[in-house]
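Generate the whole structure from the sequences, applying the supplied hints.
Per the working numbering, residue 54 is the first one in the sequence shown, and the count goes up by one each step.
Read the hints as simulated data drawn from the structure, not as lab findings.
Yeah, the Cβ is synthetic: ideal placement off N, Cα and C, and Gly gets one too.
Please note: incorrect hints may appear among the correct ones.
Unchecked claim - Cβ-Cβ distance ranges computed for the label pairs, FRET-style: (1) Y58 x L127: 13 to 23 Å; (2) V64 x W86: 17 to 27 Å; (3) P85 x P55: 31 to 41 Å.
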Amino acid sequence: MPTFYILLSVVIALLLGSAGVMTAVTGRVAIPWLRGSVREPMVWGAGALVLALAAAAVRFAGFGVSMALTVTGLLLVCLSYVLRGAPSGR
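As structure tokens, this is what we get:
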């Protein structure tokens, strides 16, 4: 794998990982232009973390593992736009 693609996957993994951790810690999506459209920020954060893991695992894991992680992360991110949160009772 050429050096450029290794560096690109590391940068993508770091960006997605930091956004996922910030979302999981604060309960708000860390990327401002996505805050209004994401209904379940914690699910989005989990999906971003799985996508970061997939981007980091491209070099070391096989294609099947990396693709399974990517599909799982994309599924979680897509679900975060569709799911409704539980009523708060207020």
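Outcome of the hint check:
1. Y58 x L127: 13 to 23 Å: 20 Å, holds
2. V64 x W86: 17 to 27 Å: 20 Å, holds
3. P85 x P55: 31 to 41 Å: 33 Å, holds
In this structure, every one of the numbered hints holds.
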